[in-house]
Amino acid sequence: MESARDNHFNRRALHAAARATRDALQDFFLHAGEEHATVLKAPAGAGKTGAVVLTVPPARRRKMRLAIGTPTNDQAFALVERLARSHTNETITFVPASAVSLPQQIARLPNVVQVEAAQANGAAIIVGTISKLGDAFCRGTLTPVDGLVIDESFQADSSRYYGVADLAPTHLLVGDSGQLNPFSTMPDPYRWRGLPEDPLQTAVGVLLRNHDARTQVHNLPISRRLDHRAVPLVRAFYSDLSFEAAVLPGVRKLQFDPATATSRTLRLVDQALEISSRSGWAHVELPPAPVLAADPEMIDLIVALVQRLFQRRPHARCERHASWNELQTRHVAIGVSHNDQKDLLRFRLDSVGFPEVVVETANKLQGLEFELVIAWHPLAGIPEPDEFHLDPGRLCVLLTRHRHACIVLGRADDRHLLDALPPATPAFLGWDPDPILDGWEAHRAAFAALEPHRLTL
Amino acid sequence: MDHLEVALAARALREGRAFRKAAFRHRCLSENPIALVLYQLGAEPFSAAAIGFGHCKSDFNLIVAGEPRNRDLAFAALQRLAQWFNTMFENAAAHRETVPNRNREQTRANTAPQVIVANSATIEMIGRLGRRLAYLPLTGPRPASAELVRLGQHFLFLHRHAGTPGQQLIVSMTDLLNEHWVTPQSPMERQSLAALYAYIAPPPGLHGYEAAASAERIAIGPLPDGDDDEKLDPLVQEFNGRRNGSTAPSVIAPLLAPIASHYRPLVRRTWDLLWTCRDREAGWQQAPSVPRRWDDDRQAYTDHVDWTLRGGHRRTRLTPRQAAMLMRKLEEAQAIVAAEQASDDPLLIVSDLLDEKAVQGWVLRVDETHQEIVNVRAARRPLVTISSPDPCLMPHGKELWWTRTPGSPPYVIVDVRAGPNQHVLITLKLTTSSRIQLPRTGETACFSAHTTRTHWFAALPPSTPWTHRPSSPPTPAPIEDE
Chain A
1101 MESARDNHFN
1111 RRALHAAARA
1121 TRDALQDFFL
1131 HAGEEHATVL
1141 KAPAGAGKTG
1151 AVVLTVPPAR
1161 RRKMRLAIGT
1171 PTNDQAFALV
1181 ERLARSHTNE
1191 TITFVPASAV
1201 SLPQQIARLP
1211 NVVQVEAAQA
1221 NGAAIIVGTI
1231 SKLGDAFCRG
1241 TLTPVDGLVI
1251 DESFQADSSR
1261 YYGVADLAPT
1271 HLLVGDSGQL
1281 NPFSTMPDPY
1291 RWRGLPEDPL
1301 QTAVGVLLRN
1311 HDARTQVHNL
1321 PISRRLDHRA
1331 VPLVRAFYSD
1341 LSFEAAVLPG
1351 VRKLQFDPAT
1361 ATSRTLRLVD
1371 QALEISSRSG
1381 WAHVELPPAP
1391 VLAADPEMID
1401 LIVALVQRLF
1411 QRRPHARCER
1421 HASWNELQTR
1431 HVAIGVSHND
1441 QKDLLRFRLD
1451 SVGFPEVVVE
1461 TANKLQGLEF
1471 ELVIAWHPLA
1481 GIPEPDEFHL
1491 DPGRLCVLLT
1501 RHRHACIVLG
1511 RADDRHLLDA
1521 LPPATPAFLG
1531 WDPDPILDGW
1541 EAHRAAFAAL
1551 EPHRLTL
Chain B
532 MDHLEVALAA
542 RALREGRAFR
552 KAAFRHRCLS
562 ENPIALVLYQ
572 LGAEPFSAAA
582 IGFGHCKSDF
592 NLIVAGEPRN
602 RDLAFAALQR
612 LAQWFNTMFE
622 NAAAHRETVP
632 NRNREQTRAN
642 TAPQVIVANS
652 ATIEMIGRLG
662 RRLAYLPLTG
672 PRPASAELVR
682 LGQHFLFLHR
692 HAGTPGQQLI
702 VSMTDLLNEH
712 WVTPQSPMER
722 QSLAALYAYI
732 APPPGLHGYE
742 AAASAERIAI
752 GPLPDGDDDE
762 KLDPLVQEFN
772 GRRNGSTAPS
782 VIAPLLAPIA
792 SHYRPLVRRT
802 WDLLWTCRDR
812 EAGWQQAPSV
822 PRRWDDDRQA
832 YTDHVDWTLR
842 GGHRRTRLTP
852 RQAAMLMRKL
862 EEAQAIVAAE
872 QASDDPLLIV
882 SDLLDEKAVQ
892 GWVLRVDETH
902 QEIVNVRAAR
912 RPLVTISSPD
922 PCLMPHGKEL
932 WWTRTPGSPP
942 YVIVDVRAGP
952 NQHVLITLKL
962 TTSSRIQLPR
972 TGETACFSAH
982 TTRTHWFAAL
992 PPSTPWTHRP
1002 SSPPTPAPIE
1012 DE
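Sequences listed follow chains A and B, in order. Numbering follows my numbering, with no gaps: position 58 of the first sequence is 1158. Numbering follows my numbering, with no gaps: position 411 of the second sequence is 942.
The hints are simulated quantities; they were obtained by calculation from the structure and are not laboratory data. It is possible that some hints are incorrect.
[Unchecked claim] Distance windows between CB atoms, simulated:
{"#": "1", "chain 1": "B", "residue 1": "Arg691", "chain 2": "A", "residue 2": "Leu1529", "range": "18 to 26 Å"}
{"#": "2", "chain 1": "A", "residue 1": "Pro1287", "chain 2": "B", "residue 2": "Gly757", "range": "26 to 34 Å"}
{"#": "3", "chain 1": "B", "residue 1": "Asp590", "chain 2": "A", "residue 2": "Ala1389", "range": "48 to 56 Å"}
{"#": "4", "chain 1": "B", "residue 1": "Arg846", "chain 2": "A", "residue 2": "Ala1313", "range": "39 to 47 Å"}
{"#": "5", "chain 1": "B", "residue 1": "Gly814", "chain 2": "A", "residue 2": "Pro1287", "range": "24 to 32 Å"}
{"#": "6", "chain 1": "A", "residue 1": "Tyr1290", "chain 2": "B", "residue 2": "Trp893", "range": "53 to 61 Å"}
{"#": "7", "chain 1": "A", "residue 1": "Ser1379", "chain 2": "B", "residue 2": "Arg542", "range": "43 to 51 Å"}
{"#": "8", "chain 1": "B", "residue 1": "Arg846", "chain 2": "A", "residue 2": "Pro1287", "range": "45 to 53 Å"}
{"#": "9", "chain 1": "B", "residue 1": "Glu899", "chain 2": "A", "residue 2": "Asn1425", "range": "35 to 43 Å"}
{"#": "10", "chain 1": "A", "residue 1": "Asp1486", "chain 2": "B", "residue 2": "Gly928", "range": "49 to 57 Å"}
{"#": "11", "chain 1": "A", "residue 1": "Pro1287", "chain 2": "B", "residue 2": "Phe988", "range": "14 to 22 Å"}
{"#": "12", "chain 1": "B", "residue 1": "Thr985", "chain 2": "A", "residue 2": "Ser1186", "range": "32 to 40 Å"}
{"#": "13", "chain 1": "A", "residue 1": "Ser1379", "chain 2": "B", "residue 2": "Arg823", "range": "53 to 61 Å"}
[Stated by the list, open to error] Below, a list of computed lysine-lysine pairs in the DSBU-like style, where the Cα atoms sit at most 35 Å apart:
{"#": "14", "chain 1": "B", "residue 1": "Lys860", "chain 2": "B", "residue 2": "Lys762"}
{"#": "15", "chain 1": "A", "residue 1": "Lys1464", "chain 2": "A", "residue 2": "Lys1353"}
{"#": "16", "chain 1": "B", "residue 1": "Lys888", "chain 2": "B", "residue 2": "Lys960"}
{"#": "17", "chain 1": "B", "residue 1": "Lys960", "chain 2": "A", "residue 2": "Lys1464"}
{"#": "18", "chain 1": "A", "residue 1": "Lys1464", "chain 2": "B", "residue 2": "Lys888"}
{"#": "19", "chain 1": "A", "residue 1": "Lys1464", "chain 2": "B", "residue 2": "Lys860"}
{"#": "20", "chain 1": "B", "residue 1": "Lys762", "chain 2": "B", "residue 2": "Lys888"}
All C-beta atoms in this analysis are idealised placements derived from N, C-alpha and C, irrespective of residue type, glycine included.
Work out the full structure, taking the sequences as your base and the hints as a guide.
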């Protein structure tokens, strides 16, 4: 598909990505049968699931049975669909956890079967959550296979990897290092931080800790989702990864019907829409105020923004659609940090007739893609930045879900929270990252990059 | 801070006294606890310089080490504590009941000792002392006494158990107050038991802010006040000079009096405050779910005593598998204690009502016979409609549990519509046909997102997979650069 529209793509980036994928797969298959792992690390929207899909044909040629796991059910569903549609002559076997089943439209695909673990033992391509695959393996209902592929492996924690690791000797771990790290609701979740037994380190983290010397880490140097306007800002979240946008400048375009603003808020909203369509970003700031998480003014602004957006009939064209297409409500998402923000927004948007506009917390948006995203800035109106709100992964997820434009909403004093010295943070032996200081840096970089696109109410 | 806490904090500032956020007391307070007050010397965190202990307010005992930086003197002080503490702590295990555990039976002590301390810093110090004592050799050139090692094992157990949400074997009074009271103080200010208590019970005529401002200068331990240690320093120097290197009890005992006199008022002050807070909190009615958690505590205590007295040892570090299992156990305990507390307490649930995690209203209708097609057969799915004065922003399909049956299958919201008098009518459907207790028409019912149902745990393999084993055994790195 990409080669057919060569003039839309950055060929150097595509070649580099193809080479990285090929090298990673070669490394994985070269060590088939050995206790060996290959890591494929990628930025947001790199098409890493595409690399997972590409493991199937060489595995079938070598008569290797594969188990493919993801941290969550939703990710597993999406992967089953992707695999089934890409390899129509292969049977994709999904092993669900109890009380879980594939959505109807995926289950109905002719080459998808959904079976108990015990019935999956003859299958060539087995998909499930890593918890389910690990549990079935430990109980002896699922017998070992030849290769284990884990998608979103930076969201898989060490304890889940522990359960599934012996399902196959040879592993391919694919993932995005910039997203949210595994978390726990237990009190004092950092009690093991820095120690080898820490169940909250990532699957990739525990692997590299124990087998750094013999584990090859491949980088996928591309983002297919983000374009050249988004990539410079997003690089702040990937200090150890260089990458380029796959799509050439000028290919993606977003425009709105002309309109006349009749109020101050609408004028601001219109400006935000226009800036975002031009530069891919807009940063709108409400006046400074200390507010509770579910800030009613912010909710009003978002509702006004969504209403105005669709009133002005947004049209987009891109590398996938050469002609102008009207943006659908389901292709627009609002990313938030808290569930009460989500609940209140959901209620308000439903009541003004936008039930299809997606509203989700950053955790749930991981792995999803939209045309336009409205990001409720994690620091908006908070009195003091803390680890949760500074988490670079949370901001990264919110700012990397869009193909065309991202409108960031906050309050005017959010930036000044980071003018002071960063707080003293606890240190952990054997553990270098510091989520508070890393977040502090990433947030400052993001604010600086949003500077030219800023509007203040 | 949730919405309720913000409102109560504002009110507390206006009225000059703290407000309760819970109608009940959610931890048991034993009639006959073991109270401990610890002080360390300066910044030496692994030795106790002064220890206050006893089992009631009038039973105040004080031990001082003299020179806690000297191993023999530090251990001699702890040895005296061990003789009292071990007896108190282990005696409760003598009387047992038999309880079923899956397919077998196990015994459980009828009661367990409860240790009360001023703050979580004391629990941390108990953990450090435990870590220092529990693994001492009983043989060799410098053997430790068996009592001292057992004291270390009990301390280590208490410190580890303290991390279990809702546990009651060791109670930090500061945390207990913080879980039940709201003040406008910052989290750091609320770690001073004296300042926190001053806001809860300010002297008559004094605003809580003023009372807390003067009380926060009071040191509680285990960290000493700098000025106090300045006064202590010459006493310790004189003590060291007089003992002239000796650690013999006959030499030491007569020399300790000045140091004991220094510590007595400091430790006594914390002691009195600890008991005042304890006795005041004991006056609140205990929440209904407390005995269930006390059963777990008694079992943990019994298992620990049996293991320790059989000569068992505990690992200093967990394996990856143990850490993973413990993480899940603690996550589960956390969810259950939150659900139990919310279900028990009509005041505590208010924050959930404000945060759209619960709805409450008068039961208008209960349709016990409602049926619908589930898979292919018709099944009973009772409907409950409540009338709530508050808006309900929760989406259709949201799973909620009636607070009277938080361990049963959930209800789901199937309809929300406007009712008379600006009320909202919310219809919930029970997702089981089992005959479980249903709300009755006319009563007030609350449905919340909290459940005591436990999640499915994925099994973990018994042996460590290659990914979690170091490729070469770790070699100790040099402590200092060459």
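A quick look at each hint next to the structure:
| no. | hint | in the structure |
| --- | --- | --- |
| 1 | B:Arg691 x A:Leu1529: 18 to 26 Å | holds, 20 Å |
| 2 | A:Pro1287 x B:Gly757: 26 to 34 Å | holds, 31 Å |
| 3 | B:Asp590 x A:Ala1389: 48 to 56 Å | holds, 54 Å |
| 4 | B:Arg846 x A:Ala1313: 39 to 47 Å | violated, 28 Å |
| 5 | B:Gly814 x A:Pro1287: 24 to 32 Å | holds, 27 Å |
| 6 | A:Tyr1290 x B:Trp893: 53 to 61 Å | violated, 45 Å |
| 7 | A:Ser1379 x B:Arg542: 43 to 51 Å | holds, 47 Å |
| 8 | B:Arg846 x A:Pro1287: 45 to 53 Å | violated, 21 Å |
| 9 | B:Glu899 x A:Asn1425: 35 to 43 Å | violated, 52 Å |
| 10 | A:Asp1486 x B:Gly928: 49 to 57 Å | violated, 32 Å |
| 11 | A:Pro1287 x B:Phe988: 14 to 22 Å | holds, 19 Å |
| 12 | B:Thr985 x A:Ser1186: 32 to 40 Å | holds, 38 Å |
| 13 | A:Ser1379 x B:Arg823: 53 to 61 Å | holds, 58 Å |
| 14 | B:Lys860 x B:Lys762 | violated, 47 Å |
| 15 | A:Lys1464 x A:Lys1353 | holds, 27 Å |
| 16 | B:Lys888 x B:Lys960 | holds, 17 Å |
| 17 | B:Lys960 x A:Lys1464 | holds, 26 Å |
| 18 | A:Lys1464 x B:Lys888 | holds, 18 Å |
| 19 | A:Lys1464 x B:Lys860 | holds, 24 Å |
| 20 | B:Lys762 x B:Lys888 | violated, 54 Å |
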